[in-house]
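Residue numbers (this note's numbering), protein chains in the order written: chain S, 26 to 284; chain R, 38 to 457.
In case anyone wonders, no lab produced these hints; they're calculated from the structure. Where hints are given, some of them may not hold.
Unchecked claim - Stretch by stretch, here's where chain S covers chain R in the computed footprint (C-beta under 8 Å, at least three residues):
{"id": "1", "region": "75 to 82"}
{"id": "2", "region": "88 to 95"}
{"id": "3", "region": "118 to 126"}
{"id": "4", "region": "242 to 255"}
{"id": "5", "region": "400 to 408"}
As the list claims (entries may be wrong) - Some chain R residues judged to face chain S by a derived CB distance under 10 Å, without partners named:
{"id": "6", "residue": "A105"}
{"id": "7", "residue": "D108"}
{"id": "8", "residue": "E115"}
{"id": "9", "residue": "Y129"}
{"id": "10", "residue": "H131"}
{"id": "11", "residue": "W215"}
{"id": "12", "residue": "Y218"}
{"id": "13", "residue": "D221"}
{"id": "14", "residue": "V296"}
{"id": "15", "residue": "D307"}
{"id": "16", "residue": "I310"}
{"id": "17", "residue": "P314"}
{"id": "18", "residue": "F377"}
{"id": "19", "residue": "T436"}
Don't be surprised by glycine CBs; every beta carbon is placed ideally from N, CA and C.
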Amino acid sequence: MKNFLRILSLIIVFLATPLSCHAAEKIEYLKTDWSFKGLFGKFDRGALQRGYQVYTEVCASCHSMKYLSYRNLAEKGGPEFTEQQAKAIAASFDVTDGPNSDGEMFTRPGKLSDKFVMPYENVKAAQAANGGAYPPDMSVLVKARGGGVDYIYSLLQGYEDPPAGISLDEGVHYNKYMYGNKIKMSNPLSDGLVEYSDGTNATVEQMSKDVTTFLMWTAEPHLETRHQMGFKAILYLIILTILVYFSMKRIWSRVETEV
Amino acid sequence: MSDHEYTPKSKAGKWFNDRLPLLTLANHLTDYPTPKNLNYWWTFGGILTFCLITQIVTGLTLAMHYIAHADMAFESVEHIMRDVNYGWLIRYIHANGASMFFLAVYIHIFRSLFYGSYKAPREIIWIIGIIIYLLMMAAAFMGYVLPWGQMSFWGATVITNLFSAIPLVGEGIVTWLWGGYSVDNPTLTRFFTLHYLIPFLILGLVVLHIWALHVPGNNNPVGIDVKKPSKDTVPFHPYIVIKDGFALLMFMIVFAFFVFYTPNILGHADNYIEADPLVTPAHIVPEWYLLPFYAILRSVPDKLLGVIAMLSAILILAALPWLDTSKIRSAVFRPLYKQFYWILVADVLILGYVGAMPAEGLYLLVARVATAYYFLHFLVILPVLGLKEKTLPVPLSITEPILGGTANLATARNKESSIK
């Protein structure tokens, strides 16, 4: 048993090394204390609501969020706006619906069941408006980038003047955390860009953290349930394992062999 | 199963059993005499059965919500993750379950290598196992394509393109596999169909694998034939059932940790970007469990030879019972083989590591040396070692080394002299 566990742990350590080596090759990202990490990690409700505000006032003018519906904003484990608030948010957007009985498309205020309205009609329109670069959909963005939340958080704060010797084309910006350091998105945040209703000081760092938290939720809307259920499931398994261990010892005591 | 006499006690049971001997089968399975010295490396057979059932059950549920269409597959996976009740849980179990399945199968295979479980009379069990392993790789590869992310698309492109290395008909075969002139919707739908079919083929082969096992019975850490039933064996139920159950629960704790706390760590971030035929990812890497073979493929400069090397690396395992010339099964009594065994383990792990790295410079050199060693192990070291190695004395029975400790080894038969 001891031998078995020793060899097994060695193998697992060896298998895990490439993963960590891989990460070590890349640049050090800025770190912050994410509330949703760890065994009991939960979203900071305030950060999610503020993050939504940053998203909708800043990012949403270019970035779509096509897998989310307005109803999600009022769901448990998310920003948890009240249903009235979520309805008001939805109603502030114009949604194209139809065709009606005359065969015409028409515009109406958004409902909870509507998907987030897209800033552009299609990918081509988005590219045309952004100098050929397509602003990626943000629904699963943090899961689609190697560094995850740390990468997005750093990227938003990584704009600086290009070092000497690097020349940038028109509409290209320097960002020390971007892959290849060249990014078509201009620096989206500046101190005081949004006015938080809860009085939080809207520094670039604060907004980066809030909007990244919001993006973590949009990518993993069931993260809180997952953590809660995971803790219960693993606790249950550990207790059951201990019980089965003693039953096994008891049963095997009938034969003179170690288990 | 023929050595078994069993009559059900009840009249109804007897009536049924005379017409379909299911009760005889059940009785055989519970009474099945198992060597009592099996260690925890032997619990992975049961764990693998659990993995297969888990994949089938979660897979069926996912298939109820998944849409196999190039324009809708990615979205339907997000629908599962967001709106299907516990869809995220089912998908994360299925995705991480594939990794767990391979983790378990590698331990299972390397256990066979250490204790010589592939040797006579268990060659058929071993070969069926290799076929299962091949099918698992096919199923895993096609399953990875279904979410239709960037790695899905480009992984499918790279792997299907391997067939173009076949002289003359290669290009035609690739077009035939794709169902068109590039990886597209027809490719996705046929991969989905095959991904659905293969697990049931595996299930059938698992039945044969277990059937073939029950004819000679289990090998064991000492690697000697045991009389069944005898003092050296215990009935499968309850002894092995509870032990396998205990090991399975420990395995499930690790499994649960991945599912609930790091569900995406074994996947690639690029697969959360919807497939785009116009944008090639910076590095195209397969899932971790295919990396050693990917390293072998890339270490050969010629495409066709690379494909041949990769396939041979797997198929060579099927010839293992005949490549290993040693009469002694267990590495416990083969001091030299034991060392070469651990070198092989390290070699495969190194291949896996360089498989994840770009094929250039030092990585490429290491991959080439490790590939050469892999084949050297099976084609030269094993056949020669079996003839030259001075093995240790093998005990007469399982009970001996356990009850008597080392003193009894002196009274043990000297197997060496009996071979030479």
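Count the residues of the region 118 to 126 of chain R whose Cβ falls closer than 8 Å to any Cβ of chain S, and tell me whether that reaches three.
Per the Cβ count (4), the hint holds.
Do three or more residues from the region 400 to 408 of chain R put their C-beta atoms closer than 8 Å to C-beta atoms of chain S?
violated (count 0)
Holds or violated: is there a CB of chain S closer than 10 Å to the CB of I310 (chain R)?
At about 5 Å, which falls below the 10 Å cut-off, the nearest Cβ of chain S leaves the hint on I310 (chain R) intact, so it holds.
Under 10 Å, Cβ to Cβ, is where F377 (chain R) needs to be relative to chain S, so tell me if that hint holds or is violated.
Violated, because the Cβ-Cβ distance from F377 (chain R) to chain S comes to roughly 17 Å (cut-off 10 Å).
Do three or more residues of the region 242 to 255 of chain R come closer than 8 Å to chain S, measuring C-beta to C-beta?
Violated - the region 242 to 255 of chain R has 0 residues with a Cβ nearer than 8 Å to chain S, which falls short of three.
Is the listed coverage of the region 88 to 95 of chain R by chain S valid when you require three or more residues with a beta carbon under 8 Å from a beta carbon of that chain?
Our answer is that it is violated, as 0 residues pass the Cβ test (under 8 Å) against chain S, missing three.
Hint Y218 (chain R) vs chain S: min CB-CB distance below 10 Å?
Result: violated, 23 Å to nearest chain S Cβ.
Hint status (Cβ of D307 (chain R) to nearest Cβ of chain S, threshold 10 Å)
holds, 7 Å
Per-residue hint verdict: V296 (chain R), partner chain S, C-beta under 10 Å:
holds, 7 Å
Verify the interface restraint on T436 (chain R): the C-beta must sit less than 10 Å from at least one C-beta of chain S.
holds, 9 Å
Taking 10 Å as the limit, does the beta-carbon of D108 (chain R) come near enough to a beta-carbon in chain S?
violated, 13 Å
Chain S contact restraint for A105 (chain R) - C-beta distance below 10 Å
Nearest chain S Cβ about 19 Å off; hint violated.
Checked against the numbered hints listed earlier, the structure breaks hints 2, 4, 5, 6, 7, 10, 11, 12, 13, 17, 18; every other hint is satisfied.
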